[in-house]
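Protein chains: 6
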Amino acid sequence: MKKAFSHLDDTGAAAMVDVGAKPDQKRVAVATGELRCTPATIRLLKKQALPKGDVLACARVAGIMAAKKTGELIPLCHPLMLDKVSVDFAVKRDRIVITAEARLTGKTGVEMEALTAVSVAALTLYDMMKAVDKAMVIGEVRVISKTKI
Amino acid sequence: MKKAFSHLDDTGAAAMVDVGAKPDQKRVAVATGELRCTPATIRLLKKQALPKGDVLACARVAGIMAAKKTGELIPLCHPLMLDKVSVDFAVKRDRIVITAEARLTGKTGVEMEALTAVSVAALTLYDMMKAVDKAMVIGEVRVISKTKI
Amino acid sequence: MKKAFSHLDDTGAAAMVDVGAKPDQKRVAVATGELRCTPATIRLLKKQALPKGDVLACARVAGIMAAKKTGELIPLCHPLMLDKVSVDFAVKRDRIVITAEARLTGKTGVEMEALTAVSVAALTLYDMMKAVDKAMVIGEVRVISKTKI
Amino acid sequence: MKKAFSHLDDTGAAAMVDVGAKPDQKRVAVATGELRCTPATIRLLKKQALPKGDVLACARVAGIMAAKKTGELIPLCHPLMLDKVSVDFAVKRDRIVITAEARLTGKTGVEMEALTAVSVAALTLYDMMKAVDKAMVIGEVRVISKTKI
Amino acid sequence: MKKAFSHLDDTGAAAMVDVGAKPDQKRVAVATGELRCTPATIRLLKKQALPKGDVLACARVAGIMAAKKTGELIPLCHPLMLDKVSVDFAVKRDRIVITAEARLTGKTGVEMEALTAVSVAALTLYDMMKAVDKAMVIGEVRVISKTKI
Amino acid sequence: MKKAFSHLDDTGAAAMVDVGAKPDQKRVAVATGELRCTPATIRLLKKQALPKGDVLACARVAGIMAAKKTGELIPLCHPLMLDKVSVDFAVKRDRIVITAEARLTGKTGVEMEALTAVSVAALTLYDMMKAVDKAMVIGEVRVISKTKI
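Chains as they are written, first to last, in the working numbering: chain A, 1 to 149; chain B, 1 to 149; chain C, 1 to 149; chain D, 1 to 149; chain E, 1 to 149; chain F, 1 to 149.
These are calculated hints, taken from the structure and not from any lab test. Each hint should be verified, as a subset may be incorrect.
The list makes no distinction among identical chains, and a pair is therefore deemed to hold if it is satisfied within one copy or across any two copies.
No more than 25 Å apart at the CA atoms, straight line, and that leaves these computed lysine-lysine pairs for DSS-like [to be verified]: (1) K26 / K107; (2) K46 / K22; (3) K47 / K134; (4) K92 / K26; (5) K134 / K22; (6) K22 / K47; (7) K47 / K148; (8) K92 / K22; (9) K46 / K107; (10) K148 / K134.
Quick caveat, the model's predicted, so the values are computed rather than measured.
Kindly produce the complete structure, drawing on both the sequences and the hints.
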């Protein structure tokens, strides 16, 4: 079987893939990514904003809300009724690692939803920390598991 | 002067920074990022979808539209009337490099808008190419210039 | 059984509740609320804007559209494909009473959708009447019935 | 049986029709429309922007994304989880003909989604071509087929 | 001077036009369009839904709200802070004529906002009347005046 | 001078008020409201979710984001570029009091933005606490100050 870009028709035009014939299945995807910063920024974060500050809570909410908007942001993604989204953080010496999980009972995989949650959570952390660190980098955004039952 | 997280008040609560006292200035920000994939995926992209296919055009549109939604995605970003957004791509041997520029005549920097355009363009490429490559990674998303006049 | 906040995990982090294991059921929720104003405002409303004016129609449409946006406004609400939303008004001597009903065939209750419809209908009435009454109050917003079949 | 406006109740108030009792069926709707312009504009489009330019790709993406927003734009439309949307163009001597198809496994017809895709694709073409032609007209927007299985 | 598509750069890539150097001016645009239907549908509309029904009010609200979303629907439109939007209807023998006006103090014309208001008001009328008339057509959507002071 | 509903024209049709002739001024509005619940719910909230849980942070973020969406929710509100929004909570014996402040340099008052922030923050609290208390009421939502400089 020849590999092909599923969102392009024979003329190269973009279209949403027809998922009408697919069965409803339970689907789970987990994605991760990280915001890299200086150790000084992490120390400041721990001192000023953890645990009482809203930094992580704010980024978590932004990531969850963004997952629900995936079909609005990514042109060829289907609108989905997600069963669940969660976003978690691990604060390391020189980075914050973000993990997001999306769950659906439906016809398409939900890795784009998990990736979108990670990306927007990372952007939100960037926004809240940019006053103290001008050289942060968002990276390693990828899917780490995708299953269906 | 002591560095501080500008979006947190004394109690650690999140709030939008008051920009009411700032002057309107011309502001430009440029951000980049990349979607890393296999050389085989790039070869397939070049053969099937470039130049006639809609892949890059679709990601460009998604990035531009996302820049305009930044204030809706990132909780503490201000809604802005952007003067301009553009998104460009450089297709390399094993990655696509994305560059986005945002311009504003206003009171706040626009690096979040440029970063959001890059992130959503990368997610859109990921979505359109994921049928042929399951191990792509979005990375090196960062600001490369930020100026005001 | 110990009562608990369903949207918080063991660490206190917010997450959408996983509804994947719940059966699809018919669900109906009704909510009410009121906009309190002066009797003079109500008299003016009846004279200038009822029945021909668009005040109630405009608030009804706003409430219905807001119910469809509930999952976008309330961070941990699930996106839903509502079967029906309706919004009605009773104009009293010194207040307008708003009632909204939401219906769903799905996995979660729809009281948040009914409450959101009431709240945004009330805010819309407030907006349209604020030029003549500066001291209005939105109150008594609550669920009056919630059923599933 | 007397014909009636399905979105109005006995008092003339607007409401979403209750679709809760309807079965899930496969539904397809196709709509068309056109943007009329001068032959000179079409010649310029073919020379400057076809095939390599992003004009048609941009309008296609806008149409697809708008179809997914139909329930947000049209007050009494139900939010839907579309299975598929596609938008195509035929460039004629003095007009661009737009065709959109929407597919759903669900409880309501999807002609509004197909019509919205056509309308927003036409508006996007208008926007991108208005610098060279001030007298374009969008017309003949209608449903050409609607089926359910 | 050679005419050119303002939203395409030298390589044919789409981008928002940079309006940063333009002065703020008062701008007004008026657009019209029509929904054509059978005389029987118009008679039914007049009998069942005018003046007390919400049909026209609902379409008016939808058009006004859509004008505010223009920058979100049309990929290369700038987000704008409109000063005013209004939508009006003239019910004729076999059609409803829709007129929308948009006003802005800003840097770009607002014809796309007026056209979007007309289009979405027409789609809303279509949605509310489609149960009684399956062959309606939206047409003659165009700008009738565009001025700046 | 005769009082009138500013959003209705002579025929009773709704329209956005034209603010084009108004000067840009600094404007501040503060609104409050409350979510009433049982003292047992408040005790549970203090024990399980304060200070470490995300309940208040989540409601604060939802309120701030909703303020930015006011022009999208309330049909005749103008889209605004808010300078600042903040949302605060006071946890009392049997209620949570919510206060929101909105600031703008612009042409219209921002009391609707402050009221919307309060309403959506209250709805979010309701959503997160509804598993433990079925009889909560949102009330006393009103403007407590509105100034311009």
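**Asked** Which holds for K47 with K134 at a C-alpha limit of 25 Å: within a copy, between copies, both or neither?
**Response** within (19 Å within a copy, 38 Å between copies)
**Request:** Could you figure out if K46 and K22 sit no more than 25 Å apart (CA to CA) within one copy, between two copies, both or neither?
**Result:** neither (47 Å within a copy, 30 Å between copies)
**Prompt:** From the Cα coordinates, with 25 Å as the cut-off, is the pair K22 and K47 best called within, between, both, or neither?
**Reply:** So K22 and K47 fail the 25 Å test inside a copy (50 Å) and across (29 Å) alike.
**Prompt:** Which holds for K92 with K22 at a C-alpha limit of 25 Å: within a copy, between copies, both or neither?
**Reply:** Neither, since 41 Å and 35 Å both go past 25 Å.
**Request:** State whether the alpha carbon distance between K46 and K107 is at most 25 Å within one copy, between copies, both, or neither.
**Result:** For K46 and K107, neither the intra-copy (42 Å) nor the inter-copy (30 Å) Cα distance is at most 25 Å.
**Asked** Checking K134 and K22: alpha-carbon separation at most 25 Å within a copy, between copies, both or neither?
**Response** between (46 Å within a copy, 20 Å between copies)
**Request:** Could you figure out if K26 and K107 sit no more than 25 Å apart (CA to CA) within one copy, between two copies, both or neither?
**Result:** So K26 and K107 pass the 25 Å test inside a copy (9 Å) and across (14 Å) alike.
**Item:** Copy assignment of K92 with K26, given that the CA separation must stay at most 25 Å
**Value:** neither (33 Å within a copy, 37 Å between copies)
**Request:** Could you figure out if K148 and K134 sit no more than 25 Å apart (CA to CA) within one copy, between two copies, both or neither?
**Result:** between (41 Å within a copy, 15 Å between copies)
**Message:** Within, between, both or neither: how does the pair K47, K148 come out at a Cα-Cα threshold of 25 Å?
**Reply:** Neither. Shortest intra-copy (41 Å) and inter-copy (32 Å) distances fail the 25 Å Cα cut-off.
Checked against the numbered hints above, the structure breaks hints 2, 4, 6, 7, 8, 9 and satisfies the rest.
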